[in-house]
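J.: Next come the chains, spelled out residue by residue.
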Amino acid sequence: MSDSPTLVDTTRSEMLKFRTVRATFIGLATLVVLTIGLAVLITIVIRTNWNQRSLADKLAFDPVATSLAGIFFAQFAVGVMGARFITAEYASGAIRTTLTAVPRRVHLVLAKAIVLLVTFFVVSEAVVFAAFITGQSIYRSGHLPSVSLADSTVLRAVIMAGIYLTLLTLIGFGLGLILRTTSVTISVYVTILLIIPIIVNFLPSSWQDHITKYLPSNLGESMLSQTPSVRSFAWGTAALLLAIYCAVIVAVGAVTLVRRDA
Amino acid sequence: MLKIDHLSKRYGETMAVDDLDFEVTPGVVTGFLGPNGSGKSTTMRVIIGLDRPTHGRATINGKTYDEFKAPLREVGALLDAKALDPSRSARNHLRALATANRIPIKRVDEVLEFVGVASVAHKKVGGFSLGMSQRLGIASALLGDPGILLFDEPVNGLDPEGIRWIRDFFRSLAKEGRTVFVSSHLMSEMAVSADQIIVIGRGKFITSGTVAELTANATGTVYVRCADATRLGEVLGALEGVCEPANEQGLNVSGLSSDQVGEAALSAGIAIYELTPQRASLEDVFMSLTADSLEYGHHDAGVAP
Ligand SMILES: Nc1ncnc2c1ncn2[C@@H]1O[C@H](COP(=O)(O)OP(=O)(O)OP(=O)(O)O)[C@@H](O)[C@H]1O
Ligand SMILES: [Mg+2]
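Here the protein sequences line up with chains G and A, keeping their order.
Positions 1 to 262 (my numbering) are the ones given, in order, by the first sequence.
Positions 1001 to 1305 (my numbering) are the ones given, in order, by the second sequence.
For the record, the hints were derived by calculation from the structure and aren't laboratory data.
Be careful, since some hints might not be right.
[Claimed, not checked] EDC-like cross-link-like pairs, simulated, lysine to aspartate or glutamate; straight-line CA separation at most 20 Å:
#1 A:K1204 / A:D1018
#2 A:K1175 / A:D1080
#3 A:K1106 / G:D261
#4 A:K1069 / G:D3
#5 A:K1124 / A:D1080
#6 A:K1082 / G:D3
#7 A:K1063 / G:D3
#8 A:K1003 / A:E1013
#9 A:K1003 / A:E1023
#10 A:K1124 / A:D1109
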C-alpha cells in the first residue's frame, strides 16, 4: 500500500461522504429554491406595486438588495446543513468510525471545513447570481430601475451575498462541533440570527448603535450595501468581521473535538 | 503488539478502567472477559483513541493510535456495528474509509465479498439487520489488512452459523500471525473461541491464562460423606476449609483439595464413606473470579438468569 495519507485524502473522503447522502441534495435544493424563489416573489411584488410607491420610496429602491433578499431566508438552510455535516455523525454514532479512520482531529475539522467552504461557495455564488439576474430581468420587464453586473459595486454586492451564505454555513458547522446535537445547534444558530437582534432592539438606542452593526445579519446587510451608512460597517470590514466570527467558532469547535471523548 | 500500560479511565465518579496493565500477543486469539460494565468497551475505545486515558496509555507497536496517519492499516476495530450513517450505502461507507487511509478502492469490493454483504453493498446501511451490520463492521475492520484486530462483543446479533463462521475466522486471523483481541461477557463463548483469556472486573485486572489454566487454578468443592460430619467440619474449619452441610452425613468443602480432606479425616480418626472432588465449571470459575466485582450482578443467587 502506498505512502501516508494527507489532508487531501481526508478531504476527498469527507467530500465522498458529503455527496453520498440524500440530505445533501435536499439541502442544496432548498438553498436554490429559497434564494431564487424569493428573488422571483419579491421582485414581482415590487414590480406589481411600483406605481403605488411614493417618490421617496422609489428613490430609496435598491434593486440589488431586493433581488438578493432570499439569502436571509436561505441562511437558515445553509446553517442547518453546515451543522448537520457534523451533528448527524454524532446522532448516528458514525463520528466514532470517522475518528477511527482519521484520529488527527484537527485534520478532520479542516477537511470538513474545506468541503463546506468549496461546495457552498460554488453553489451559493451560482445561486445568488441566478437570483440577481432573474430579479433584474423582472424589474426590466416592468420598466423599473435595474442594474447590471458591469457596475463593479453591483458585482461586488452579488459576490458578497454568496460569501455571506458560505460563511454562515461554516458558522453552523462550528456550532455543531461545539454543541454536537442537531436540535441544540439549530436553536443556538436561530437565536444568534433572529432572537439576539430582537433583544438588542429593546436596549437604549445609544447602545444599539454600538451593538447592532456587529450582529451577523447586520454584517450581511452591510456586505450587500452599496452606500454604507454611518451606523454600519463598510462592506470590506463587515466581510472581514464575519470571517473572523466564523474562524473563531470553528476553532473553538476544533478544540472541543480534540479535548472531549468521542 | 498491543500493550496496555497502567491504563486508567475515569468518567466523573466511575472508575471505568483501573490500572490495567497487560500485553496482547500476536498469533493467538486473546479473549477479554468481564461482566457487564467491567470496562471492556472503555479499554477498546481508549486503544483506538476515541477516549483519552486518565492515566497510562495503550500502544500499538510502541505508538499510540493517534500517532498513525493511516491507522486502518495498523488496527482494525469493530466496536459498535450500528455506529454508521444510516443513509449511506455500505459500499460508500467503506469507500470513504478507504479514501481517508489511502487504501485501494478494489479492496472495498474484496472485503464486502469476503464478509458476504456484496449483494446489498448498494443498499443504505440503515436498513441492515444487526447481523448484516456486524458483517459490514468486520469488513471495515479488515479493510486495511491490519496486523491487530479488536472486536467488542462480536457475536452479538449473529445467528449460530454466523457465530461459527466468526470463530473460525478469528482463528484463521491469528494463524496468519495477527493479534486478535476479542471481548465478551460470556465465559462459555471465550472458552471455545479464545486461546488466551484476560479477565477483568470493575475495571481491574483479575487474572489471565489459557482456559485450562483458569479452570485448574480455581479449586472446585469437595464432597465428603463420613461417620461424624460435625466433628470433621470442625477439623476442616481449623485448616481454613469452608464446610457446608450437604446432607446428614455429607459436607461440601471448599478451599481444600480432596487429598487434604482425606488426610485430615484420617488423622482425626473419622471414617470416610465417600470423597468426591467436584470440578468447577467454566461459568463457576468466572463467577467466583468476578464475584467481588459485579457491577450489575444478580445478587439473589437462587434465581437462574
Ligand atoms: N461515556 C461514559 N460516561 C460515563 N460513564 C461511562 C461511559 N462509558 C462507560 N461508562 C461506565 O464505565 C463502566 C465501564 O463501562 P464499559 O462500557 O466499558 O463496560 P463493558 O465491560 O464494556 O460492559 P458491557 O459488557 O455491558 O458492554 C460502566 O460503569 C459504565 O457505566
Ligand atoms: Mg461493552
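J.: Decide if the proposed pair is consistent with the structure: A:K1175 and A:D1080, CA atoms, cutoff 20 Å inclusive.
T.: Violated: A:K1175 and A:D1080 sit about 25 Å apart, past 20 Å.
J.: Hinted pair, alpha-carbon criterion (20 Å max): A:K1082, G:D3. Please report holds or violated.
T.: violated (31 Å)
J.: Does A:K1003 pair with A:E1013 here, judged by a C-alpha cut-off of 20 Å?
T.: violated (26 Å)
J.: CA of A:K1106 to CA of G:D261, is that 20 Å or under?
T.: violated (33 Å)
J.: A:K1063 and G:D3: Cα distance at most 20 Å?
T.: holds (18 Å)
J.: Are the Cα positions of A:K1003 and A:E1023 separated by 20 Å at most?
T.: holds (4 Å)
J.: Checking one constraint from the list: CA of A:K1124 to CA of A:D1080, max 20 Å. Satisfied?
T.: holds (17 Å)
J.: Quickly compare the C-alpha distance for A:K1069 and G:D3 to 20 Å and report which way the hint goes.
T.: holds (10 Å)
J.: Hey, A:K1204 versus A:D1018, does the alpha-carbon distance stay inside 20 Å?
T.: holds (5 Å)
J.: Taken at face value, is the distance from the CA of A:D1109 to the CA of A:K1124 at most 20 Å?
T.: holds (16 Å)
Figure legend: structure checked against the earlier numbered hints; hints not met, in rising order: 2, 3, 6 and 8.
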